[in-house]
Every structure is written in structure tokens, then in C-alpha cells.
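K.L.:
Each chain, written out:
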Amino acid sequence: MTCKLQDARPDWKSYALGELDAGARREAEQHAATCSACQDELAGLRVTLDAMATLREEEVPRRIAFVSDKVFEPKWWQSFLRPSFAAAAVVAAAILVHAFVRPPAPMTAGVDAAAIEARVTAAVQQGVQKQVAEEVDHRVAEQLSGAVEQAVNKAVADTEKRDDQRAVQLLTAAERRYSESADILNKQVTQIYAMNTGAGVR
Amino acid sequence: MIFREVEDRDLIAKARRGDVEAYNLLVSRWEKRVFNYLLRLIGHREDALDVSQETFLKAYQNLPKLDDPARFSGWLFRIAHNEAFSLLRRRKPEADLEDEPRPVDSGGRLFPIELSLAVQSALNVLSADQREAVLLKVYQGFKFDEMAEILDCPVSTVKSRLYTALDLLKITLSPVVLKKETVRGE
Chain A
2 MTCKLQDARP DWKSYALGEL DAGARREAEQ HAATCSACQD ELAGLRVTLD
52 AMATLREEEV PRRIAFVSDK VFEPKWWQSF LRPSFAAAAV VAAAILVHAF
102 VRPPAPMTAG VDAAAIEARV TAAVQQGVQK QVAEEVDHRV AEQLSGAVEQ
152 AVNKAVADTE KRDDQRAVQL LTAAERRYSE SADILNKQVT QIYAMNTGAG
202 VR
Chain B
47 MIFREVEDRD LIAKARRGDV EAYNLLVSRW EKRVFNYLLR LIGHREDALD
97 VSQETFLKAY QNLPKLDDPA RFSGWLFRIA HNEAFSLLRR RKPEADLEDE
147 PRPVDSGGRL FPIELSLAVQ SALNVLSADQ REAVLLKVYQ GFKFDEMAEI
197 LDCPVSTVKS RLYTALDLLK ITLSPVVLKK ETVRGE
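First to last, the sequence lines map onto chains A and B.
If you count by this note's numbering, then the first sequence holds residues 2 to 203, one letter each, in order.
If you count by this note's numbering, then the second sequence holds residues 47 to 232, one letter each, in order.
Just so you know, these hints were derived from the structure itself, not from any lab.
Mixed in with the good hints, there may be bad ones.
Unchecked claim - Computed cross-link-like contacts, DSSO-like style, restricted to lysine-lysine with a CA-CA straight-line distance of at most 27 Å:
1) A/Lys14 / B/Lys205
2) B/Lys189 / B/Lys78
3) B/Lys205 / B/Lys78
4) B/Lys104 / A/Lys155
5) A/Lys155 / B/Lys60
6) B/Lys205 / B/Lys216
7) B/Lys111 / B/Lys189
8) B/Lys216 / B/Lys104
9) A/Lys14 / B/Lys216
10) B/Lys78 / B/Lys111
11) A/Lys155 / B/Lys78
12) A/Lys5 / B/Lys216
13) B/Lys104 / B/Lys78
14) B/Lys104 / B/Lys60
15) B/Lys111 / B/Lys60
16) A/Lys162 / B/Lys60
17) A/Lys162 / B/Lys78
18) B/Lys189 / B/Lys216
19) B/Lys189 / B/Lys205
20) B/Lys205 / A/Lys5
21) B/Lys78 / B/Lys60
22) A/Lys14 / B/Lys189
Just chain A, same shape as in the assembly (with noise of 0.2 Å):
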């Protein structure tokens, strides 16, 4: 039995597979209507998609994930900690304490005053200088230990919940998978002795 359209004949496969157009469609619909060579083909490919829907989707046996590495970006108020802010903080530090601090007029002539406010702003810079960076230092350091340690904690906790999800959700659908195929064990075999005995099904 073959199709009068012969090479002309619809296209079944892309037809099955869902790529023809609507009109393509309809036309071969048609065609299939009055020709049962096209019918036997159409049938077979379908028994054979509905066979291949079978096969079942397997779950992940682990979850893919990747971790995060937002706790080593800069915070906000970590971008005044870069070395040209810190640089600008510290001078103009240093400018108003040697405003406060500024030493007194010279008492007697011959000492150089200028030398004298010179050496003092450089200590006061110097000092102040030193305690901002120790300052700065702990607190990077106090700030970045919290946020690691809060984030592994997060990602431990997330982690351990997903687990447990999926831990459920395979224990679910093994059960129903289970109680599906012995449901099915159940009628085969009743079936079979049904057919076998001559008894009736209950």
C-alpha cells in the first residue's frame, strides 16, 4: 500500500515532531484523510513518540551551585578606605589639629618659629597618620571576618535546607514510583490468574 502523491506525499516526521506551519498542517491533514498508506505511516510514528514518552526524567543527584564570592567586594564605606581618601583624611586631620595645637607666639628672639611649627606639624601628622591606618586596619579586618563568617553560616544553612528538600522530594517520588509499579504488579498478576484459573476479577 503505498501513497499516490508518492515523493509528494506530507512530510510525517517534521508533521509528529510539531514543525510544520498551521497551513502545512491542515493540508496534510487533509491529504491523510483519504489515503491510508499516510494513515499506517502517521500511526507508527505516533506509537513510537508515545513509546519514547515513557522514558522518564531523572532528578539531579546532587544540586549544582556555585559560591558566592560577594563577601571579598568592597562595601560601601570601604571605598573611603582607599589609599588617596585615606591620604586626604589624614592632611586634613593633621591641619586641624595643628590649628588647635598651634604653639605659642615666640618669647624671645633668635628661635626659628617656623622650624619650631615645622617640626611639629610633621609629629602631629605623623601621629595621627599612624593611629588612622591601626584604626583603619582593625576595622577591615573586624568587618571582614563578620561578613565571612555570616555569609558561610548563610550558605551552610542554605545548603543543609536544600538538602533536605531534595532529600524529601526523591523519598516522595521514589514512594510514588513504588506504589505506582506495585499497583500495576497487583493487576498483572490478577490478570494472569484470572487467565489462568478461569476466575473472575475482582
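Using the hints provided, position chain B relative to the given structure of chain A.
P.N.:
Same frame as chain A, but now just chain B:
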């Protein structure tokens, strides 16, 4: 489907800005599909999982190169395809797959699980190229032109592989399917 696409787009944009959590959410949406595609293509669970992981890592690293976020799925499967075939090439060439399909012996009556085992073994009879065409079309629902992009070959090649595969599957599965139909009819 449209909402899903918009959300994927949003996640891709966030991931591109370095938001790893957004990327993890994207991974959780696609991991099952990618894993099953690779599992059926490679045929080994642990390898499929490793290649899935590698695929998502490569995708993250190359996310800035993705021109059109709407084509994320095809792009992702293209990476998965490359990774899978790179693994298959590295493997010692196994015994060449037989050209002639072998009918699957189903024994007696068929249970659904037996039918899916028969389908699995029928898929294994196909060449890797034919099997991949079936996986992308029948199980992942890609269009011919999308498949051509993923596989980097003309649409005519995609159709040829798929059509041959369907013919072979029909021959291989026919005894099983007929038995099942007979059981139904009794």
C-alpha cells in the same frame, strides 16, 4: 512561558553584574534538563553530573559573551554539547555502535518500566549524533533551527540525523510496542 523568559532574562542580567545567587537560581531552573540530556547522551551518571557542572561553570564565565539573553537555552545546550563531545572524544573509543538496529527482546508481558528500559536500550543503539538529535527534539523540544545552532550544522543535517534515528527507533521498538498493544487489546 513568557513570564519565565522575562525572569530568566532578569537573572542573566544580574548574573552578568556578578550576582552569583541570581546565577544559582538560573542553574536550579535548568540543571535537570541539562543533566538528563547529558545523562542520555553520555550514558554515565557521574560523568553526566561532572559535565553538567562544567557546562554551568563555562556558561557563567562566558555570560558576558551571550549576545541575546532570549537565546540562553540554545546557547547553554551548545556549551553542554561541546563539553559532552569533548568527553566522548577523550574516552577510549568504545566498540563502534552497530549499524543495524537490534529488536529489543521484551520477554513476556510489558510493564511501563520495561517499556522505558526498552526505549533506553533502543536509544543506545543509535549513533551519538542520531541520539543527540532525538534528545534535543523529542525530550528537549528544540526547533530544527535551534538544533542547527546548538549542533553547529545545517538544518538539513539535523533533519537527516533525526529522521534516520526515528526510522531505527521504529524498527527497534516495534516488537515491544506491538506486544504492548496486543496486551492492551486482550
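K.L.:
Hint by hint, say whether it matches the structure.
P.N.:
Checked hints:
1. For the hint pairing A/Lys14 with B/Lys205, the CA-to-CA distance comes to about 9 Å; that is within 27 Å, so the pair holds.
2. Annotation: proposed proximity of B/Lys189 to B/Lys78 holds, straight-line Cα distance about 20 Å (limit 27 Å).
3. The suggested pairing of B/Lys205 with B/Lys78 holds, with an alpha-carbon distance near 26 Å, which does not exceed 27 Å.
4. Under the criterion of a C-alpha separation no larger than 27 Å, the hint pairing B/Lys104 with A/Lys155 is consistent with the structure, at around 25 Å.
5. Between the alpha carbons of A/Lys155 and B/Lys60 the distance comes to roughly 20 Å, so the proposed pair stays at or under 27 Å and holds.
6. Between the alpha carbons of B/Lys205 and B/Lys216 the distance comes to roughly 16 Å, so the proposed pair stays at or under 27 Å and holds.
7. Our distance criterion of 27 Å between C-alpha atoms is met by B/Lys111 and B/Lys189, whose separation comes to about 23 Å.
8. In summary, the hint linking B/Lys216 to B/Lys104 is not supported, as the alpha carbons are separated by about 37 Å, beyond the 27 Å threshold.
9. Proximity of A/Lys14 to B/Lys216 is assessed by CA-CA distance (about 12 Å); at most 27 Å being required, the pair is judged to hold.
10. Straight-line distance between C-alpha atoms of B/Lys78 and B/Lys111 comes to about 24 Å, which keeps the hinted pair within the 27 Å bound.
11. Using a Cα cut-off of 27 Å, the hinted pair A/Lys155 and B/Lys78 holds, with the two alpha carbons roughly 25 Å apart.
12. For the given pair, A/Lys5 sits about 23 Å from B/Lys216 by alpha-carbon distance, which is consistent with the 27 Å threshold.
13. For the hint pairing B/Lys104 with B/Lys78, the CA-to-CA distance comes to about 17 Å; that is within 27 Å, so the pair holds.
14. The hinted pair formed by B/Lys104 and B/Lys60 meets the criterion: a straight-line CA distance of about 17 Å does not exceed 27 Å.
15. In summary, the hint linking B/Lys111 to B/Lys60 is supported, as the alpha carbons are separated by about 14 Å, within the 27 Å threshold.
16. Proposed proximity of A/Lys162 and B/Lys60 is supported: the alpha carbons are some 24 Å apart, at most 27 Å.
17. The suggested pairing of A/Lys162 with B/Lys78 holds, with an alpha-carbon distance near 19 Å, which does not exceed 27 Å.
18. With a C-alpha separation of about 21 Å, the suggested pairing of B/Lys189 with B/Lys216 holds against the 27 Å cut-off.
19. Proximity of B/Lys189 to B/Lys205 is assessed by CA-CA distance (about 11 Å); at most 27 Å being required, the pair is judged to hold.
20. Between the alpha carbons of B/Lys205 and A/Lys5 the distance comes to roughly 24 Å, so the proposed pair stays at or under 27 Å and holds.
21. Simply put, B/Lys78 and B/Lys60 have alpha-carbon atoms about 22 Å apart, close enough for the 27 Å limit, and the pair holds.
22. Distance hint between A/Lys14 and B/Lys189 is fulfilled; the C-alpha atoms sit about 13 Å from each other, no more than 27 Å.
Of the numbered hints stated above, the single one contradicted by the structure is hint 8.
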